[in-house]
Amino acid sequence: MWSLIILILRLFLLLTAVLLWLFWPAVTPVKAPSHGTTASCDQLISWRLESIDPAFGLSTAEALPLISDAAAQWNQALGKEVLRYDPQQGFPIRFIFDARQQQQLEQLLLERNLHRYDNRIEDQQQDFEQQLAEFQKIKDDFAEKDRQLAADIQAFNQKAQQADPGAAALLGKEQAELLSRQKEHALEAEQLDALTEKLQDRQQQLNNTIADRNALIPAQQSTGLAEVGLLEQRGNNRTMTIFAYKDAHHLTLTLLHEFGHALGIGHLSEAGSIMHTQLNSAQQQLTNADISAWRQQCEGG
Numbered sequence: 001m002w003s004l005i006i007l008i009l010r011l012f013l014l015l016t017a018v019l020l021w022l023f024w025p026a027v028t029p030v031k032a033p034s035h036g037t038t039a040s041c042d043q044l045i046s047w048r049l050e051s052i053d054p055a056f057g058l059s060t061a062e063a064l065p066l067i068s069d070a071a072a073q074w075n076q077a078l079g080k081e082v083l084r085y086d087p088q089q090g091f092p093i094r095f096i097f098d099a100r101q102q103q104q105l106e107q108l109l110l111e112r113n114l115h116r117y118d119n120r121i122e123d124q125q126q127d128f129e130q131q132l133a134e135f136q137k138i139k140d141d142f143a144e145k146d147r148q149l150a151a152d153i154q155a156f157n158q159k160a161q162q163a164d165p166g167a168a169a170l171l172g173k174e175q176a177e178l179l180s181r182q183k184e185h186a187l188e189a190e191q192l193d194a195l196t197e198k199l200q201d202r203q204q205q206l207n208n209t210i211a212d213r214n215a216l217i218p219a220q221q222s223t224g225l226a227e228v229g230l231l232e233q234r235g236n237n238r239t240m241t242i243f244a245y246k247d248a249h250h251l252t253l254t255l256l257h258e259f260g261h262a263l264g265i266g267h268l269s270e271a272g273s274i275m276h277t278q279l280n281s282a283q284q285q286l287t288n289a290d291i292s293a294w295r296q297q298c299e300g301g
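By my numbering, the letter at position 119 of the sequence shown is numbered 119, and the numbering carries on one by one without gaps.
It is worth saying that the hints were derived from the structure and are not from the lab.
A hint or two may mislead.
The list that follows gives simulated cross-link-like pairs (lysine-lysine, BS3-like), each with its CA atoms no further than 25 Å apart [said to hold, decoys possible]: (1) Lys198 - Lys183; (2) Lys183 - Lys173; (3) Lys80 - Lys145.
Label pairs and their in silico Cβ distance ranges [claimed, not checked]: (4) Pro87 - Ala282: 30 to 36 Å; (5) Ile121 - Leu179: 28 to 34 Å; (6) Arg213 - Leu178: 23 to 29 Å; (7) Glu177 - Arg213: 25 to 31 Å; (8) Glu188 - Gln161: 25 to 31 Å; (9) Ala289 - Pro87: 31 to 37 Å; (10) Gln154 - Ala211: 46 to 52 Å.
Note that the Cβ used here is the ideal one computed from N, Cα and C, for glycine as well.
I would like the entire structure built from these sequences, with the hints used as guidance.
Written as structure tokens, this is what we have:
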């Protein structure tokens with residue numbers, strides 16, 4: 001009896017194994033993800049303008065085109081839409097006024113004052129150079145007259161020593177002409193001295209203006225603009241904050257930089273790249289280095 005039951009169980013297990021072997025689904029290998037692909041590469045990132053601190057004096061109508069332009073520059077550079085304006089679901093962009101904006105305003109005021117001084121210095125420099133050229137011509141003419149007068153006096157003295165008594169009248173007339181020239185020459189020398197003093201005064205005025213201009217510059221100036229934006233990301237949740245900007249151009253550069261971080265790009269060593277660590281005068285627009293950094297991350301090349 002038991003042997004019959006055991007035989008039936010063995011036959012059942014054997015039949016089950018055969019059925020599993022015949023009908024078990026084939027194993028599908030898992031394909032590894034392509035090199036460097038991240039969510040920021042594959043997914044469209046939407047943004048929205050959430051708030052602007054009134055202290056900036058910047059309206060939504062003024063800010064929105066600048067933000068849109070920065071996003072459009074990335075889209076155009078990468079050849080596809082990676083950033084899109086979505087006033088409802090986009091990640092928030094906030095303008096929060098702090099001490100950095102006050103520093104930027106002070107820097108902007110300094111640059112305007114320096115520009116005014118530079119214009120004044122340029123005018124004074126041109127005026128001084130024109131007067132210097134005129135003075136040099138007068139001085140050269142005076143030196144030539146001085147040389148000629150000295151030569152004429154020397155010739156007259158030699159002639160007077162060798163002249164006979166009958167030539168006294170002619171020598172007297174020539175002597176009178178030389179004395180008249182000497183008086184005129186002495187007057188010209190006084191005028192030349194007056195011009196020299198006037199020119200020195202102009203030179204001193206120019207030096208004083210340059211000194212006043214340079215006195216406006218702090219003893220230690222930053223070589224670049226401090227970080228004035230921040231992109232925070234936790235998972236797929238992003239927030240961009242703008243703390244300060246000097247003008248519309250520098251605001252666009254900051255927006256480009258922070259959008260780059262939103263796309264997953266880190267800082268670059270190239271000074272002219274938008275993604276360089278610090279804003280600087282070499283930055284103008286997205287560079288090949290910026291684009292290559294995104295392609296390296298998202299396309300592996």
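How the hints compare with the structure:
In summary, the hint linking lysine 198 to lysine 183 is supported, as the alpha carbons are separated by about 23 Å, within the 25 Å threshold. Of the supplied pair hints, the one linking lysine 183 and lysine 173 holds, its CA atoms being roughly 16 Å apart against a limit of 25 Å. The hinted pair formed by lysine 80 and lysine 145 fails the criterion: a straight-line CA distance of about 80 Å is larger than 25 Å. For the pair proline 87 and alanine 282, the supplied restraint of 30 to 36 Å holds, since their beta-carbon distance comes to about 34 Å.
Checked against the given bound of 28 to 34 Å, the beta carbons of isoleucine 121 and leucine 179, roughly 47 Å apart, lie outside it. For the pair arginine 213 and leucine 178, the supplied restraint of 23 to 29 Å is violated, since their beta-carbon distance comes to about 52 Å. Between glutamate 177 and arginine 213 the CB atoms are about 53 Å apart, so this pair departs from the stated range of 25 to 31 Å. A hinted range of 25 to 31 Å for the beta carbons of glutamate 188 and glutamine 161 is consistent with their spacing of about 29 Å.
The hinted range of 31 to 37 Å is satisfied by alanine 289 and proline 87, whose Cβ atoms lie roughly 32 Å apart. Remark: the range hint 46 to 52 Å for glutamine 154 to alanine 211 is upheld by a beta-carbon distance near 48 Å.
When held up to the earlier numbered hints, the structure conflicts with 3, 5, 6, 7 and fits the remainder.
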